[in-house]
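Kindly produce the complete structure, drawing on both the sequences and the hints.
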Amino acid sequence: MVAVQETVERVRRIDVDQYRYGFETLIESDKAPKGLSEDTVRFISAKKNEPAWMLEWRLEAYRRWLTMTEPTWARVDYPKIDYQDIYYYAAPKPKKTLSSTDEIDPEILKTYEKLGIPLREVAILEGVEPPPGGPQTPNRKIAVDAVFDSVSVATTFQKELKAAGVIFMPISEAIREHPELVQKYLGTVVPTSDNYFATLNSAVFSDGSFVYVPPGVRCPMELSTYFRINERNTGQFERTLIIADKGSYVSYLEGCTAPQRDENQLHAAVVELVTLDDAEIKYSTVQNWYPGNSEGKGGIYNFVTKRGDCRGKNSKISWTQVETGSAITWKYPSCILRGDNSSGEFYSIAISNGFQQVDSGTKMIHLAKNTSSRIISKGIAAGKSQNTYRGLVSAHRKATGARNYTACDSLLIGDKCGAHTVPYVEAKNSSATFEHEATTSKISEDVLFYCLQRGLSEQQAIGLVVNGFAKDVLQKLPMEFAVEAQKLISISLEGSVG
Amino acid sequence: MTLLEIRDLHVGVDSREIIRGLDLMVNAGEVHAIMGPNGSGKSTLSHVIAGKPGYEVTGGQILFRGEDLLEMEPNERAAKGVFLAFQYPVEIPGVTTMNFLRTALNAQRKARGRGEFSTPEFLKKVREVAESLNIPRDMLKRGVNVGFSGGEKKRNEILQMALFEPSLCILDEIDSGLDIDALRIVASGINGLRSPERAMIVITHYQRLLHYIVPDYVHVMSKGRVVKSGGKELALELEACGYGQFETAA
Ligand SMILES: Nc1ncnc2c1ncn2[C@@H]1O[C@H](COP(=O)(O)OP(=O)(O)OP(=O)(O)O)[C@@H](O)[C@H]1O
Ligand SMILES: [Mg+2]
Chain S
303 MVAVQETVER VRRIDVDQYR YGFETLIESD KAPKGLSEDT VRFISAKKNE PAWMLEWRLE
363 AYRRWLTMTE PTWARVDYPK IDYQDIYYYA APKPKKTLSS TDEIDPEILK TYEKLGIPLR
423 EVAILEGVEP PPGGPQTPNR KIAVDAVFDS VSVATTFQKE LKAAGVIFMP ISEAIREHPE
483 LVQKYLGTVV PTSDNYFATL NSAVFSDGSF VYVPPGVRCP MELSTYFRIN ERNTGQFERT
543 LIIADKGSYV SYLEGCTAPQ RDENQLHAAV VELVTLDDAE IKYSTVQNWY PGNSEGKGGI
603 YNFVTKRGDC RGKNSKISWT QVETGSAITW KYPSCILRGD NSSGEFYSIA ISNGFQQVDS
663 GTKMIHLAKN TSSRIISKGI AAGKSQNTYR GLVSAHRKAT GARNYTACDS LLIGDKCGAH
723 TVPYVEAKNS SATFEHEATT SKISEDVLFY CLQRGLSEQQ AIGLVVNGFA KDVLQKLPME
783 FAVEAQKLIS ISLEGSVG
Chain G
14 MTLLEIRDLH VGVDSREIIR GLDLMVNAGE VHAIMGPNGS GKSTLSHVIA GKPGYEVTGG
74 QILFRGEDLL EMEPNERAAK GVFLAFQYPV EIPGVTTMNF LRTALNAQRK ARGRGEFSTP
134 EFLKKVREVA ESLNIPRDML KRGVNVGFSG GEKKRNEILQ MALFEPSLCI LDEIDSGLDI
194 DALRIVASGI NGLRSPERAM IVITHYQRLL HYIVPDYVHV MSKGRVVKSG GKELALELEA
254 CGYGQFETAA
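Protein sequence lines, in the order shown, are assigned to chains S and G. In terms of the numbering used here, the first sequence opens at residue 303 and continues consecutively. In terms of the numbering used here, the second sequence opens at residue 14 and continues consecutively.
Quick caveat, the hints were computed from the structure, so don't treat them as lab data. Think of the CB as a built atom: it goes at the ideal place given N, C-alpha and C, for glycine as much as any other residue.
To give an idea of the chain G side of the interface with chain S (calculated C-beta under 8 Å), a few residues:
| id | residue |
| --- | --- |
| 1 | A63 |
| 2 | N88 |
| 3 | A92 |
| 4 | P106 |
| 5 | G107 |
| 6 | V108 |
| 7 | F113 |
| 8 | A117 |
| 9 | A120 |
| 10 | A124 |
| 11 | G156 |
Residues of chain G clear of chain S, computed beta-carbon distances all greater than 10 Å:
| id | residue |
| --- | --- |
| 12 | H23 |
| 13 | G52 |
| 14 | Q74 |
| 15 | S145 |
| 16 | G190 |
| 17 | A195 |
| 18 | I198 |
| 19 | G205 |
| 20 | Y219 |
The structure is reproduced here in structure tokens:
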């Protein structure tokens, strides 16, 4: 990502107060009235020209949500959210229907340019610097589905995808154009009743991505969505649904940023993945929402439900995440291993600095025979942050031969932060083999001095050491994401010492 | 030209005085050997020159080209040309030696107002130097010093010294852990870097190293002071008689 690299390179020294993506685009937006009621739900549904079944689905979720209470078990602490003080829908006012990226509001394009996202097809990943001594990677393509506040503003590469039979479009469009697929799968992984935030999302979700890969198809390019929260007091509630039909494969990249604001913004997304027999989904996230300023003011509340269902035999779902942003992160991308021989993976780097609170991890639910899962979690805590890994590995009575390997490593920078590991293990049959390893370490003075003696600044040294610590996970990211993620890691740790 | 000037240096750790009034003058082009018994403060001196935190300088001064070195951050000192080859180089897991070298080299070049090396330029240079030190290429792809043998770690230090082109090289027991062949290779690498602009301080326990790297001056350190200075023949004298005569002098 040339643009991304340039953007990153231009950033020299920022601290938590100087969030890199803290600019705001001035475009008129089309907002729902503040607050949440059946009318809000109807407003959103109407805006989207949704069919009646979709509205019903939402309303049912809304009614259920009214009976639920906000969960409090996570190790995060925040003032009570006033759900009536939030705008649930904001769309950039469309000037006309868009048929290509050329017609996108230039203001929006500019925003994406600042973010370094190649919305225009010409900006396809050229010249990503290979690692020294490493192989030259051929240019790869990424199809971008950009979500600007609540609406997907552009979808590129449609033609090539169409030729392959891959459906990649905003979910709002899929609801109208592929109702049979959406109805068949929506809410089957994360039911509308699942948890407080997922239920809220089901009622008011505004947009997100929809992907369907037909049987036997290997998606010809990486699919990507960048989320960005622009509007003040706007909750962002994306809904993403990805289905890999029998024997298919898709890799999906998600990146998020938000402008800098004093008040907190709520983000409650739901992502559902389904793999049928022999199919594979690789889902990668780089999350750098605004983390709040150096006094802990502002920042995104990120309450996300991500779950994959390995529904078919021999299928595989792999989550890779790099979490550097948000004031509060509450996020447990999980796998349900329902098909025999299916496997789930979770690779995570979670960085917290300043006053950030991260409670993240995964659930691996082994339901079928000979299922396997692998969890590699790297938590890095700096400043006055709290970083918790929370994981569940469970084997059902029928899940004979279930295997799990978990490694949780925490790295502390300074002595005012905290790292915590909360693993839950439940094996309901005796043939399950679960392994768990955990370490906690600090960056050693001797290592820092060695780096400084060789001319590195303290920040460079920490960036390098932390990237080394997180390497196992970074390697799981697609190449162009890995480059960006490495720089993000260094940037998000600036101001973490001294 | 005087490169390094240390005057009446006093250094303590946890209120215990380790360097107790040390003087040393090093001119460009010279090689100084420092010898002395275990615990006499040799490594401490090298750390204080390089700026390692945790030491309290309670008196005296260190000037580098007339500038107060003690006022500078360790990385500024590195950029000014101070290089320390560590007695015990650390391991940095997950960071390839290549990546480390490139990041460090470019940081120094930048600080010296020179352009960064492009990847091909850099690769060419590293490979050349690595070859001359008998460092296999795949060692460069491994984590910095991770799983390196004692000798490999020392060669890696010299590799960095050659790359960074420092003007003051402090070599702290570069000969420890080296077999005869490695000693010869490392010594010839070091000799190749001797130049009229560059000075070296070679800390060692053994005449053996000084046989290869012939010093202009030899200093004997004991209990935190230089107790005797002389020419290269002083090292031979030490080898024959030991430190006993100086212990009392200190
Ligand atoms: N961080 C520290 N804390 C406490 N004591 C220290 C520290 N660093 C050095 N010392 C002490 O200072 C004295 C000098 O140590 P130093 O490592 O400089 O000796 P040296 O001359 O390099 O010895 P050697 O030949 O064994 O390498 C020793 O007594 C050592 O224990
Ligand atoms: Mg020593």
